[in-house]
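Chains as they are written, first to last, in our numbering: chain D, 1 to 255; chain P, 256 to 530.
Careful: at least some of the hints might be erroneous.
Chain P is faced by these chain D residues, among others (derived, beta-carbon under 10 angstroms) [unchecked claim]:
hint: 1; residue: A46
hint: 2; residue: H86
hint: 3; residue: L88
hint: 4; residue: G172
hint: 5; residue: R211
hint: 6; residue: R213
Pair ranges (Cβ atoms, derived) [what the hints assert, rightly or not]:
hint: 7; chain 1: D; residue 1: G146; chain 2: P; residue 2: A505; range: 40 to 46 angstroms
hint: 8; chain 1: P; residue 1: F500; chain 2: D; residue 2: G146; range: 44 to 50 angstroms
hint: 9; chain 1: D; residue 1: A63; chain 2: P; residue 2: D444; range: 50 to 56 angstroms
hint: 10; chain 1: P; residue 1: G468; chain 2: D; residue 2: I54; range: 45 to 51 angstroms
hint: 11; chain 1: D; residue 1: G123; chain 2: P; residue 2: L348; range: 49 to 55 angstroms
hint: 12; chain 1: D; residue 1: E36; chain 2: P; residue 2: E330; range: 54 to 60 angstroms
hint: 13; chain 1: P; residue 1: D444; chain 2: D; residue 2: E166; range: 53 to 59 angstroms
hint: 14; chain 1: P; residue 1: A380; chain 2: D; residue 2: P23; range: 47 to 53 angstroms
hint: 15; chain 1: D; residue 1: V225; chain 2: P; residue 2: L348; range: 32 to 38 angstroms
Since the hints were made in silico from the structure, they are not lab data. Beta carbons are placed, not taken as given, at the ideal position from N, Cα and C, and that holds for glycine.
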Amino acid sequence: MKTAERQIVAFGGGGFSMESGNPLLDDYVLGLTRAERPRVCFLPSASGDADHYIVRFYRAFSAHRCEPSHISLFRREQGPSDLRRHLLSQDLIYVGGGSVVSLLGVWRAHGIDSILREAWESGVILCGLSAGSLCWFAEAVSGFHGEPKRLRGLGLLPFSNCVHYERGAGRGAAYHGFLREGMCGGYAAEDGAALHFTGEELSRVVASRPRARGYRLDVAGSRVVEMQIATTYLGDREAIPAAPLPEALSTAPAA
Amino acid sequence: MGFANGPIPKATPVRRILALGGHEFSSRPPDRAVCELLLRLAGERGVERPRICILPTASGDTSDQISSFYSAFGERHCEPSDVSLFRLGRRPLELRDHLLDQDLIYVGGGSMLNLLAVWEAHDIASILSLAWRQGIVLAGQSAGAMCWFEAGITKSSGKPLAAAGLGMLEGSLCVHYNNEPERRAAYLDAVGDGMPSGYGLDDYAGLLWEGEGTPAAVTARRGARAYRVSRREDEVAESPLPARFLPAPAPAALREDIAEFRRIKTMRRRAGWLG
Chain D
1 MKTAERQIVA FGGGGFSMES GNPLLDDYVL GLTRAERPRV CFLPSASGDA DHYIVRFYRA
61 FSAHRCEPSH ISLFRREQGP SDLRRHLLSQ DLIYVGGGSV VSLLGVWRAH GIDSILREAW
121 ESGVILCGLS AGSLCWFAEA VSGFHGEPKR LRGLGLLPFS NCVHYERGAG RGAAYHGFLR
181 EGMCGGYAAE DGAALHFTGE ELSRVVASRP RARGYRLDVA GSRVVEMQIA TTYLGDREAI
241 PAAPLPEALS TAPAA
Chain P
256 MGFANGPIPK ATPVRRILAL GGHEFSSRPP DRAVCELLLR LAGERGVERP RICILPTASG
316 DTSDQISSFY SAFGERHCEP SDVSLFRLGR RPLELRDHLL DQDLIYVGGG SMLNLLAVWE
376 AHDIASILSL AWRQGIVLAG QSAGAMCWFE AGITKSSGKP LAAAGLGMLE GSLCVHYNNE
436 PERRAAYLDA VGDGMPSGYG LDDYAGLLWE GEGTPAAVTA RRGARAYRVS RREDEVAESP
496 LPARFLPAPA PAALREDIAE FRRIKTMRRR AGWLG
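Based on the sequences and whatever the hints tell you, model everything.
Listed below in structure tokens is the structure:
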């Protein structure tokens, strides 16, 4: 029986998609399930269900530590036929990166958007990176294609969100601009940082890299206030792993 | 805007759509015949080197679909390109300008439901409708053929089910008519239950709309047929349409370096140097 606690872990970037050899964020979300062999379902919809991405999920979430599965909305003739039942029976739903616009379009077509809300409310932990992070929020800053754009997400969390929030990436200025134009306040996370929400409250920020941070952004009149949030580095006192380069899957890092 | 590659369009360009029941981009004769037809339609726009763009959206932009398209058209007299909506992060381009610059837009097969959902999210349908009205040929197979109609029969959710299309062509379409009996049965039921009448297309059969009026049926494989499917009182009737046969062109001439490589390989094999 699951607890009814609603939890979302929104990665700015990271996990197996971007940090091969650094499982800290993936281990963190698996640990949250408190299950001995958690059921984990991967939703690669934002990548168009790219085969190589699905293979990498199964390598990272191998069967000896969890019960992995995935749903390909482009190949519904394979895989579970009752999507709702399958998703509601999971401990963790992990959403991959790619195009958030395409992701939301495909989800609506298959009714996944309402199933995910139901899953969240029944205690299934939701997580993801990049597009798989932006999707949970009311509004998102997407830099997947061309100039950063403002768009609506599923709205489980009543905030705005911006991922890959590295200095100099140009997203900061765009996000601040959108906030001044009336976007609701929210959170940003750098690659390697993850925002952990319990209910609609941010409970903590964790990181797979020692210097990765999360930020809170609010608007006061015409001023944007950006605050760095205290972040827990999950690597503890171990030797600091160098940040690996993103892998060939360039669909993942750019939401 | 947008006509750099073509002549100034006439006041009322002919609207053309080629719907195909199913094919691949292989080097087999019927597939070569389909590619030849696509090239001819694109070339009829009157440009020296027609532009042909694939939208592989329905497959999730799989590299298989994209690479087989390029291997079919890469060495032909045309300028092939792809618009991969799931990969725009890697290769940004101006969607609207790029699509309106084409002579032919080809839509690949896959999930019709996802195709239309992703197009809606990216606002592609209005661009395609404009392209059509400007005389750019629209073509596609399977999901990429049914999408132009009011309705089709898709297996996007597993079982064959009715789904709405863009409605640029009147009526409905069912693809893979000979190969997938369960899809055909679902179509006959749906038309019996009130889905608009339409067409059934076997693999390697196609229908070409040029301007107003009825389409012309074509077939790239002996025995592949196009059917008119309509409800008459209490029953649904299928009547085969007379179709023009598309002969396969000779295989593309080998590129000089490949031909040279093969000649050397043959010589060596004859000389017993290779196994």
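Taking the hints in turn, this is what the structure says about them:
1. A46: Hint holds; A46 (chain D) Cβ to chain P Cβ min 8 angstroms, cut 10 angstroms.
2. H86: violated, 13 angstroms
3. L88: violated, 18 angstroms
4. G172: violated, 19 angstroms
5. R211: Because about 25 angstroms separates R211 (chain D) from the closest Cβ in chain P, which is outside the 10 angstroms limit, the hint is violated.
6. R213: Hint on R213 (chain D): violated, closest Cβ of chain P at ~24 angstroms, above 10 angstroms.
7. D:G146 to P:A505: 40 to 46 angstroms: holds, 43 angstroms
8. P:F500 to D:G146: 44 to 50 angstroms: holds, 46 angstroms
9. D:A63 to P:D444: 50 to 56 angstroms: Since A63 (chain D) and D444 (chain P) have Cβ atoms about 41 angstroms apart, the given range 50 to 56 angstroms is violated.
10. P:G468 to D:I54: 45 to 51 angstroms: holds, 46 angstroms
11. D:G123 to P:L348: 49 to 55 angstroms: Violated - the Cβ-Cβ distance for G123 (chain D) and L348 (chain P), about 43 angstroms, lies outside 49 to 55 angstroms.
12. D:E36 to P:E330: 54 to 60 angstroms: holds, 57 angstroms
13. P:D444 to D:E166: 53 to 59 angstroms: holds, 55 angstroms
14. P:A380 to D:P23: 47 to 53 angstroms: violated, 42 angstroms
15. D:V225 to P:L348: 32 to 38 angstroms: Given about 37 angstroms between the Cβ atoms, the range holds.
In summary, the structure is inconsistent with hints 2, 3, 4, 5, 6, 9, 11, 14 from the numbered list given earlier, while agreeing with the others.
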